[in-house]
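With chain A held as given, fit chain B onto it using these hints.
Protein chains in written order, with the numbering used here: chain A, 1 to 179; chain B, 180 to 385.
These are calculated hints, taken from the structure and not from any lab test.
The model shown is predicted, which means the values in this text are computed figures rather than measured ones.
A hint or two may mislead.
[Stated by the list, open to error] Below, in silico cross-link-like pairs of lysine-lysine (DSS-like), each with a Cα-Cα straight-line distance of 30 angstroms or less:
# : chain 1 : residue 1 : chain 2 : residue 2
1 : A       : LYS11     : B       : LYS265
2 : B       : LYS301    : B       : LYS261
3 : A       : LYS11     : B       : LYS296
4 : B       : LYS301    : B       : LYS265
5 : B       : LYS265    : B       : LYS299
6 : B       : LYS261    : B       : LYS296
7 : B       : LYS265    : B       : LYS296
8 : A       : LYS11     : B       : LYS365
9 : B       : LYS299    : B       : LYS261
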Amino acid sequence: MEATDLRTRCKSAYERGRVQLGLRAAWPVLPIAALSMLLTHRPAVTLAVSALLIVVAVSFRARGLAYGRALVPGFVAGAAPLALPILLRSGGHCCIGDACWQVCMLGCIGGGLVAGLSLGMATAAQPESRGTFLIAATAVAGLVGMLGCAISGASGVIGMVVAMLITSLPVTLVANART
Amino acid sequence: VVQFALAAQTARVTIALTVEERSASRVKRSDTDVELEALMLRLAAGDRSAFDPLYDAMWPLVQRLTTRMMRGAPEAQDAAQKAMLKLFARASHFEPGRSATTWVLAIAAYECRTLLKRQKRKREDRSEMEALVDAKAGSPETAVIDRDFEAAAREVLGTLRATDIATLEASARGERPDLPQATFRKRLERALARFRAAWSARHGSD
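The shape of chain A in the complex, shown without the other chains:
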């Protein structure tokens, strides 16, 4: 085997190893997808989002660096908008003044706020590539949250995403300024 050929084969072996690592890191998607499928009763949305989440998780972990580091904080942050609407799904309506909201919709927004806070703090703790980390972690948390917020439809998902974005960025900036 030529020296350059061996180098190329070593590179391929390394990339294969990275993909295997990514596949191993994507396993939490399966129980989350099963939970979402059972409780949200939107199989098409659940399947599409889960497939996308698996692709994102594998490619981020395989890519490594800030993308790889963002995976676990993304899953952790996404747990709030995943769990809250599911836990509050039988809560009926909540009226504040003239405006009435579904409780699970409020769960999505609240979950998004918690997720954004968590993402902001995790981003501020990063030593480098904070922008990439924040984008990657937000993508993962958003997809995980979507699996829970699918219960309240498109409005729930949009509410969760907006809430996540409006908290994560300021928290990152404040934490950045403090450090």
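Only chain B this time, still in chain A's reference frame:
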């Protein structure tokens, strides 16, 4: 007394120099290990820019170890290449705090041991097979059976037509008469069928 004092001083100086050299080499070795560890950690985190320097640092290390372990055998190169492939496939699992050199050399040594074991097993299998063949060929019982079998085959062959005999003999010698390949093959098939029929008629089995 003066001679003894001089000898003792020389010995002290020699010991001091040796200790100094050893500690210097240890510092140098650990420096290399620290550099390798840093590169390994970068690669494990997904930093592809660490690949080339790490490859260049590890290849001579692995080659040296496999050549020494395989005692310069040509398979040492194979072992080194396999070790390098395994090493990069597992590079993402490298954990901080581990000695990179030890990790790399452990993989290369394992590859050498596996290759040496496989070679030993092959040699044993081959020598067992040769012993078996020698034992069979050498026994007088086998020689008598072979002779009887050949005589019986010649007897049956004598009952066939001259063309069949010529075809079978040519095939046994690995020759092919000046005939198209398909014609010779058909002739051989027919001659074999007739030989089998004649053998069955005479000895009652194929």
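Here is how each hint holds up against the structure:
1. LYS11(A) / LYS265(B): holds, 11 angstroms
2. LYS301(B) / LYS261(B): Status holds; Cα separation ~19 angstroms.
3. LYS11(A) / LYS296(B): It holds: about 28 angstroms lies between the C-alpha atoms, which stays within 30 angstroms.
4. LYS301(B) / LYS265(B): Since the Cα atoms of LYS301(B) and LYS265(B) sit roughly 23 angstroms apart, the hinted pair holds (cutoff 30 angstroms).
5. LYS265(B) / LYS299(B): holds, 23 angstroms
6. LYS261(B) / LYS296(B): holds, 15 angstroms
7. LYS265(B) / LYS296(B): holds, 18 angstroms
8. LYS11(A) / LYS365(B): violated, 55 angstroms
9. LYS299(B) / LYS261(B): holds, 19 angstroms
The structure fails hint 8 only (numbered hints given earlier).
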